[in-house]
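Work out the full structure, taking the sequences as your base and the hints as a guide.
The primary structure of each chain is shown beneath.
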Amino acid sequence: DTEVTQTPKHLVMGMTNKKSLKCEQHMGHRAMYWYKQKAKKPPELMFVYSYEKLSINESVPSRFSPECPNSSLLNLHLHALQPEDSALYLCASSQAAPDTQYFGPGTRLTVL
Amino acid sequence: GQQLNQSPQSMFIQEGEDVSMNCTSSSIFNTWLWYKQDPGEGPVLLIALYKAGELTSNGRLTAQFGITRKDSFLNISASIPSDVGIYFCAVDNYGQNFVFGPGTRLSVLP
Numbered sequence: 001d002t003e004v005t006q007t008p009k010h011l012v013m014g015m016t017n018k019k020s021l022k023c024e025q026h027m028g029h030r031a032m033y034w035y036k037q038k039a040k041k042p043p044e045l046m047f048v049y050s051y052e053k054l055s056i057n058e059s060v061p062s063r064f065s066p067e068c069p070n071s072s073l074l075n076l077h078l079h080a081l082q083p084e085d086s087a088l089y090l091c092a093s094s095q096a097a098p099d100t101q102y103f104g105p106g107t108r109l110t111v112l
Numbered sequence: 001g002q003q004l005n006q007s008p009q010s011m012f013i014q015e016g017e018d019v020s021m022n023c024t025s026s027s028i029f030n031t032w033l034w035y036k037q038d039p040g041e042g043p044v045l046l047i048a049l050y051k052a053g054e055l056t057s058n059g060r061l062t063a064q065f066g067i068t069r070k071d072s073f074l075n076i077s078a079s080i081p082s083d084v085g086i087y088f089c090a091v092d093n094y095g096q097n098f099v100f101g102p103g104t105r106l107s108v109l110p
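Taken in order, these protein sequences are the chains called A and B.
Numbered by our numbering, the letters in the first sequence go through residues 1 to 112 in order.
Numbered by our numbering, the letters in the second sequence go through residues 1 to 110 in order.
A portion of the hints provided could be inaccurate.
Stated by the list, open to error - Within a straight-line C-alpha distance of at most 27 angstroms, the following computed BS3-like cross-link-like pairs (lysine-lysine) qualify: (1) Lys36(A) to Lys70(B); (2) Lys22(A) to Lys36(A); (3) Lys41(A) to Lys70(B).
No wet-lab data here; the hints were simulated from the structure.
This is the structure in structure tokens:
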């Protein structure tokens, strides 16, 4: 089983809303990742969690707040986003960091 | 930061033709990965390469990790319509960075 699941699939939110994206994997992987992908561009790394601890934060604005409640779950809390934050948000996991990453289907986020 | 180049940027081919694309870097990397992404979906891992010179196949796909550790190619034989999508190479350097190339967009004409 190489499945990473993400919910919701689509999300529309206003600039004053607070919402969360969720990611789950049951492969026993100990590293999980958040990426942002704009149209016609490659995914860009945002955060890396290794053994439930934040190990890499690629200078992401504080309006994005990651959380890793346990080794299977990864959340991304969103608050006061801007329209330019609209993108496909991808979650990935790997056995450890570094290692080959497996991606979820993504959440398509639109900020109005 | 690290930069990968992929060529061609896009290609249109006839169904049944073979496809070749490559990925290059000015830096050495220890792991080269090839992913395919369909519109609105996450990237799907096709082939992972861990050793310089390694040649690996996955069905109609073949990829090689260049001996200089600065490049990789991906070949697709006998293309079919479902091969349409964007092909990304990605590299990992001991977890210090995980970077995607800009992608090669493949279109297959029936």
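Okay, the hints, checked on the actual structure:
1. Lys36(A) to Lys70(B): Cα-Cα ~26 angstroms, so holds.
2. Lys22(A) to Lys36(A): Holds. Lys22(A) to Lys36(A) sits at ~14 angstroms (cutoff 27 angstroms).
3. Lys41(A) to Lys70(B): This hinted pair holds, its Cα atoms lying about 22 angstroms apart.
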